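2 protein chains.
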Amino acid sequence: MISSIDELIQKMVSGDKRALGKIITLMEEDSSSSAYIVSKIYPLTGKAYILGITGPPGSGKSSIVDKLVSCYRNENLKVGVIAIDPTSPFTGGAILGDRIRMRSHYTDKNVFIRSMATRGTLGGLSRATSDSVKALDAFGNDVIIIETVGAGQVEVDIVKVADTVVVVSVPDMGDTIQKLKAGIMEIGNIFAVNKADIDGAEKCILEIKMMLELSETKNGWVPPIVKTFGDRDNGANELYEAIKNHHKYLLESGRQEKKKIARGKADLIYILQNLFIKKFYEAINEEELEELGKKIASREKDPYTIIEELIPRLKKFL
Amino acid sequence: MISSIDELIQKMVSGDKRALGKIITLMEEDSSSSAYIVSKIYPLTGKAYILGITGPPGSGKSSIVDKLVSCYRNENLKVGVIAIDPTSPFTGGAILGDRIRMRSHYTDKNVFIRSMATRGTLGGLSRATSDSVKALDAFGNDVIIIETVGAGQVEVDIVKVADTVVVVSVPDMGDTIQKLKAGIMEIGNIFAVNKADIDGAEKCILEIKMMLELSETKNGWVPPIVKTFGDRDNGANELYEAIKNHHKYLLESGRQEKKKIARGKADLIYILQNLFIKKFYEAINEEELEELGKKIASREKDPYTIIEELIPRLKKFL
Numbered sequence: 001m002i003s004s005i006d007e008l009i010q011k012m013v014s015g016d017k018r019a020l021g022k023i024i025t026l027m028e029e030d031s032s033s034s035a036y037i038v039s040k041i042y043p044l045t046g047k048a049y050i051l052g053i054t055g056p057p058g059s060g061k062s063s064i065v066d067k068l069v070s071c072y073r074n075e076n077l078k079v080g081v082i083a084i085d086p087t088s089p090f091t092g093g094a095i096l097g098d099r100i101r102m103r104s105h106y107t108d109k110n111v112f113i114r115s116m117a118t119r120g121t122l123g124g125l126s127r128a129t130s131d132s133v134k135a136l137d138a139f140g141n142d143v144i145i146i147e148t149v150g151a152g153q154v155e156v157d158i159v160k161v162a163d164t165v166v167v168v169s170v171p172d173m174g175d176t177i178q179k180l181k182a183g184i185m186e187i188g189n190i191f192a193v194n195k196a197d198i199d200g201a202e203k204c205i206l207e208i209k210m211m212l213e214l215s216e217t218k219n220g221w222v223p224p225i226v227k228t229f230g231d232r233d234n235g236a237n238e239l240y241e242a243i244k245n246h247h248k249y250l251l252e253s254g255r256q257e258k259k260k261i262a263r264g265k266a267d268l269i270y271i272l273q274n275l276f277i278k279k280f281y282e283a284i285n286e287e288e289l290e291e292l293g294k295k296i297a298s299r300e301k302d303p304y305t306i307i308e309e310l311i312p313r314l315k316k317f318l
Numbered sequence: 001m002i003s004s005i006d007e008l009i010q011k012m013v014s015g016d017k018r019a020l021g022k023i024i025t026l027m028e029e030d031s032s033s034s035a036y037i038v039s040k041i042y043p044l045t046g047k048a049y050i051l052g053i054t055g056p057p058g059s060g061k062s063s064i065v066d067k068l069v070s071c072y073r074n075e076n077l078k079v080g081v082i083a084i085d086p087t088s089p090f091t092g093g094a095i096l097g098d099r100i101r102m103r104s105h106y107t108d109k110n111v112f113i114r115s116m117a118t119r120g121t122l123g124g125l126s127r128a129t130s131d132s133v134k135a136l137d138a139f140g141n142d143v144i145i146i147e148t149v150g151a152g153q154v155e156v157d158i159v160k161v162a163d164t165v166v167v168v169s170v171p172d173m174g175d176t177i178q179k180l181k182a183g184i185m186e187i188g189n190i191f192a193v194n195k196a197d198i199d200g201a202e203k204c205i206l207e208i209k210m211m212l213e214l215s216e217t218k219n220g221w222v223p224p225i226v227k228t229f230g231d232r233d234n235g236a237n238e239l240y241e242a243i244k245n246h247h248k249y250l251l252e253s254g255r256q257e258k259k260k261i262a263r264g265k266a267d268l269i270y271i272l273q274n275l276f277i278k279k280f281y282e283a284i285n286e287e288e289l290e291e292l293g294k295k296i297a298s299r300e301k302d303p304y305t306i307i308e309e310l311i312p313r314l315k316k317f318l
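Residue numbers (the working numbering), protein chains in the order written: chain A, 1 to 318; chain B, 1 to 318.
Derived by calculation from the structure, the hints in this document are not laboratory data.
It cannot be assumed that every hint is accurate.
Each pair may be met inside one copy or between any two copies, as identical chains are not told apart.
Straight-line Cα separation of at most 35 Å, DSBU-like style, residue types lysine-lysine; simulated pairs [as the list claims (entries may be wrong)]: (1) 258 / 40; (2) 40 / 109; (3) 259 / 295; (4) 109 / 67; (5) 278 / 203; (6) 259 / 301; (7) 227 / 278; (8) 17 / 295.
Being a predicted model, the structure only gives us computed values, none of them experimental.
Bound conformation, chain A alone (with noise of 0.2 Å):
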């Protein structure tokens, strides 16, 4: 098993488009696999500059990853998208339309586009695809976009791997900063106001303005509100030059280097924790745990007396 992971991994190197989905299938389906292949590449990462897109369903986010796809196409950067969103082209919620649209970067060689399950993801959605991520930044991609639906804290902590976020909303959806709660409005290093041709669009931004008022500043960097307007390519460009200010603002500001670091010691901390429970597994037997379960279920014993007669046979596992 091990030998064809390392075959995969070694033709995924050398650029092989299909090795990387397989790869990134068994990163979804297998936790310890993904580690596995987390430990081979880790020395190859770091290179890619992250863009997380994140707004509700129905904000056309879809639309804009796919002009910012050609936009980096455009200056020949090789580029690779996420996408954990329902209502996405690319994971089955769209129309046709959307699909056929979508079709020419398919083909592309330097567009790898792949979408994740929002469930039956093993060891949880934010751990498959913070390795994935690092998987195409192995594989050489310029830039990796993630597109997620703002709703729930996973979605936050998704998207917080990104070197820039950029928050979409339309005009369209009701109470706008009630849609942006959950932690995203913190999290949106620019604004993206899609749609913005309809009506109740300027308000929109006058409420986005409002909030962004009221949160702190952030070491300098002053948000900016662009409009988009879906399917049509004008305010595209607008978006794709405040993402590359945002990006030479981190550059400069020694924010990209800060951001690397918390990375770094993110992914430490997380891998040991990892390795930890591999550990308890290897040490602790199924019975033994179900048996245990059973003495903490009828309260016979805590998990904190249990623990602390672990302990000496775990240590001998680390």
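Add chain B to chain A, keeping to what the hints say.
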């Protein structure tokens, strides 16, 4: 600090609602205090029946919870409610009328209602929720109701701790199945179609039926679909009966026991993991961690090599 927490626990256990409120605030704001509290109250937990109510915003979950609380109070049972829903009247999202309606329960000393913030919770919302459920349990509640928007993975995780899960949907929400997608269908033991007097109710019921027929049967329990009627009282009793039936089924089939064992195992692993992270921070100070982060960021070293070097030191701290 510890002594004042001990005092708070003492008060809470003796039935002081304000002390319980303070303890839950602590649990939200400080994961290490929370871990301490859980360790102290653990032997008192495991008695309450836990009911999860989940469904999209605007589906009328809160009205349903309100009515169920009345049903339980009629049987003189002590009820705790945790609401995690930005549109819930508990958490301040809804219209004044709802708040007034709820007021009767607020003044009932045998009903404890608490909203949880959907963000800013240290160590994550599901951590804080599961700890708070333990506090509500140790407080002596017979029933604990968790009300949550069935949106993301975190929500699903939160509701998984429940003995019985009621999934609420409403006819006018477009594609029902689409809305209920993210793993929620699979965890539903009972389906409530709310506002069942409006157009499309039968279609909604049919969709849920079809979906249920496609999924595997769950150890002999066939999830019933119950009509409820928003603010009006009819339907609530039927739902209440369905919930009681499921509880009875859990007890008689031995599923309740299995659920308790699974919760015991999950608690054990979870507490152990937290302990390990705590020990890690004792062994490695902030400056050293920053240095390690820098080495990883520059790919001078990879986290796997660093961990190998750290293990001997970590062992001493375990």
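State whether the alpha carbon distance between residue 278 and residue 203 is at most 35 Å within one copy, between copies, both, or neither.
-> neither (52 Å within a copy, 47 Å between copies)
Using 35 Å as the alpha-carbon threshold, which applies to residue 259 and residue 295: within, between, both, or neither?
-> between (44 Å within a copy, 13 Å between copies)
Could you figure out if residue 17 and residue 295 sit no more than 35 Å apart (CA to CA) within one copy, between two copies, both or neither?
-> between (50 Å within a copy, 30 Å between copies)
Between residue 227 and residue 278, at a C-alpha cutoff of 35 Å, which is it: within one copy, between copies, both, or neither?
-> neither (48 Å within a copy, 46 Å between copies)
Indicate which option fits the pair residue 109, residue 67 if close means a Cα-Cα distance not exceeding 35 Å: within, between, both or neither.
-> For residue 109 and residue 67, the Cα distance is within 35 Å only inside one copy (17 Å; across copies 58 Å).
Is the C-alpha distance from residue 258 to residue 40 at most 35 Å within one copy, between copies, in both cases, or in neither?
-> within (24 Å within a copy, 39 Å between copies)
Should residue 259 paired with residue 301 be assigned to within, between, both, or neither, using CA atoms and 35 Å as the limit?
-> between (44 Å within a copy, 17 Å between copies)
Within, between, both or neither: residue 40, residue 109 at alpha-carbon 35 Å | Close inside one copy (24 Å), not across copies (58 Å); limit 35 Å.
Comparing the model with each numbered hint stated earlier shows that hints 5 and 7 do not hold.
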